[in-house]
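2 protein chains.
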Amino acid sequence: MRGSEKQFSLFIERERKKIEHKLYESLNERQPQSLYGPGSYIINGGGKRLRPILVLLSVKAVGGKLSKAYNAAAAVELLHNFTLVHDDIMDNADKRRNLLTLHKKYDLSTAILAGDSLLSVAYEYLLRDCNGNTKIILSEFTKGLIEVCEGQSLDKDFENRKTVSIEEYILMIEKKTAAMMEMCCAIGGILGGGNKTEIKALARFGKNIGIAFQINDDLLDITGNENDFGKFVGGDLVEGKKTFLFIKAFEKARGKERQLLLKMIEGKGIKHDEIQTYKDLYIKLNVLNAASGEIKRYTQVALNSLKYLKEENYSRWFNWLADSLINRNK
Amino acid sequence: MRGSEKQFSLFIERERKKIEHKLYESLNERQPQSLYGPGSYIINGGGKRLRPILVLLSVKAVGGKLSKAYNAAAAVELLHNFTLVHDDIMDNADKRRNLLTLHKKYDLSTAILAGDSLLSVAYEYLLRDCNGNTKIILSEFTKGLIEVCEGQSLDKDFENRKTVSIEEYILMIEKKTAAMMEMCCAIGGILGGGNKTEIKALARFGKNIGIAFQINDDLLDITGNENDFGKFVGGDLVEGKKTFLFIKAFEKARGKERQLLLKMIEGKGIKHDEIQTYKDLYIKLNVLNAASGEIKRYTQVALNSLKYLKEENYSRWFNWLADSLINRNK
Chain P
648 MRGSEKQFSL FIERERKKIE HKLYESLNER QPQSLYGPGS YIINGGGKRL
698 RPILVLLSVK AVGGKLSKAY NAAAAVELLH NFTLVHDDIM DNADKRRNLL
748 TLHKKYDLST AILAGDSLLS VAYEYLLRDC NGNTKIILSE FTKGLIEVCE
798 GQSLDKDFEN RKTVSIEEYI LMIEKKTAAM MEMCCAIGGI LGGGNKTEIK
848 ALARFGKNIG IAFQINDDLL DITGNENDFG KFVGGDLVEG KKTFLFIKAF
898 EKARGKERQL LLKMIEGKGI KHDEIQTYKD LYIKLNVLNA ASGEIKRYTQ
948 VALNSLKYLK EENYSRWFNW LADSLINRNK
Chain E
648 MRGSEKQFSL FIERERKKIE HKLYESLNER QPQSLYGPGS YIINGGGKRL
698 RPILVLLSVK AVGGKLSKAY NAAAAVELLH NFTLVHDDIM DNADKRRNLL
748 TLHKKYDLST AILAGDSLLS VAYEYLLRDC NGNTKIILSE FTKGLIEVCE
798 GQSLDKDFEN RKTVSIEEYI LMIEKKTAAM MEMCCAIGGI LGGGNKTEIK
848 ALARFGKNIG IAFQINDDLL DITGNENDFG KFVGGDLVEG KKTFLFIKAF
898 EKARGKERQL LLKMIEGKGI KHDEIQTYKD LYIKLNVLNA ASGEIKRYTQ
948 VALNSLKYLK EENYSRWFNW LADSLINRNK
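Read top to bottom, the protein sequences are chains P and E. In this note's numbering, each residue carries its 1-based index in the first sequence increased by 647. In this note's numbering, each residue carries its 1-based index in the second sequence increased by 647.
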């Protein structure tokens, strides 16, 4: 590892600890325990803390002070966890990060309400870091929240539809995943005192890396290592999800191959012992490579936008971040 | 009806129409329909629009312009409806305002997500009316949101506890009901350009009228007219709710009477044909009068705080509003 890449890793490691502490603190002393206990369970249950890191890196990238952004960094993670708690209910998921999901650990009412309160504390924390720019920061945050609700709604819609086009899929992940990463980078840029060009460049980075990140997530479902990924390979197929891979495959497949894919749609998923058959079909139809190509393309768009940043040193950090996201195995 | 009381009624009628229109507009043209259709169903399904009216009256009371507060007025109603949608899931309620609740009309996932999106649009609308005072207004709003989550959590806790003290009950309704009405009045005062004393006076009015309003709600469950109230008499007893009446009765009851109340606690509710027995006990233990006394006391505290308002004319309007809230039958 080169010197400055090592420096980047140390930065991430150090900042992640600070974020963990801030998150712990955000719910720790609140009452009632019946509300914030479950909230703490999910918020202290791990995660990459990618979204807070995007905030902090964006602050740095425009030459701002990190000390002014830790509450905002906690806020975006609280918002993210709010979406996870409610999505897990909607997806009837049992596990998250190798722990029971909130509604399985407690019950439905507790999970709905704990999710709501994570969002409420997110706004409280965000407001702490806004001085003189509250309207623009809160507007960005709220736009991210609106988009993530719309994205989740589209995702649920897709479950009941026979076909989904790649364009519709991209719109969905733009809203469900990318909008929030876009918002994190924009907020970091604003808090760091960046100019309009810089903030726009950072937002563009966040959005495009978000799209790449989600397509990569779809790809990892097939190519990931079970132990690293914390889920089993082919989970999306079992659940009948219309991922990038599936939609691409459905576009290309004809005859018997198309019948096989239709079977997943109509059955709203497949059995575990059928995963290999579908994986083989994906390989035959070359959709894994198609996904890799799109991931590279969106990553490149993300990285290209960084040329507008003054602090060139941090462009390299974003490169490493992009790299760690795309070449991750979990 | 005296001249200025008539004027007050016309004001409420006219403003309610404007609020209805603004609420309709807030969700009408948004996509996806699968998200905002259900949101519109609840938001256009009626209601007193009490919270927006509190905002607007507070604007007037400090001599401000209503035109600057309609988005905020819509925002507090959107927030209120967010809480109703999620609370109805938690309470497993079938009906709301004589219509099916959202999760019964659609499904659980739709209701959770539609609730979330009502909150997101609430923030968007609130931000439209904030100029130069965004931080304080958003902080008040967020505080209201945090309190309402905490209040709902306490309310759910009470279901599983044997006894609840009057103090605990008051804390719960302060959070669940009164904090939001306090917030509405404070935000109206700020948007109207009131000074600190006025804003504090309005907030104090909102909080105390909110407590009175909720105790009155408990009272109406026993004394209300079934048709007007849209619920059947004694519903709280059937559901086993620890209302003001029940807690007061439990404080006073001894011997066989206490056994009867314990039966409701242990059975988590009573049967329909037992309602009259409990109602008779409430009358015997004088708890209906105790409730009326507390309603009057909190209403008086609320009204007393209004002496700090410059626009005396509007103090009278608040009097009429308080009167219409307390002497309502639904």
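Derived from the structure by calculation, the hints contain no laboratory data. This one's a predicted model, so the numbers in the text were calculated from it and none came from an experiment. Just to be clear, a hint being listed does not mean it is correct.
To be verified - Counterexamples of contact, computed for chain P against chain E with all Cβ distances above 12 Å: (1) Gly-762; (2) Arg-775; (3) Lys-790; (4) Lys-822; (5) Ile-922.
As the list claims (entries may be wrong) - Footprint (simulated), chain E over chain P, 3 or more residues, beta carbon under 8 Å: (6) 745–759; (7) 765–773; (8) 938–951.
Unchecked claim - Straight line, CA to CA, 25 Å or less: simulated BS3-like cross-link-like pairs of lysine-lysine: (9) P/Lys-782 <-> E/Lys-847; (10) P/Lys-782 <-> E/Lys-752; (11) P/Lys-782 <-> E/Lys-803; (12) P/Lys-790 <-> E/Lys-669; (13) P/Lys-790 <-> E/Lys-803; (14) E/Lys-751 <-> P/Lys-915; (15) P/Lys-669 <-> E/Lys-803; (16) P/Lys-809 <-> E/Lys-752; (17) P/Lys-782 <-> E/Lys-715; (18) E/Lys-712 <-> P/Lys-752; (19) E/Lys-715 <-> E/Lys-847.
Glycine is no exception: its CB is placed at the ideal position from the N, C-alpha and C atoms.
Against the earlier hints, flag every one the structure doesn't satisfy and list their numbers going up.
-> 1, 2, 3, 4, 8, 10, 11, 13, 15, 18
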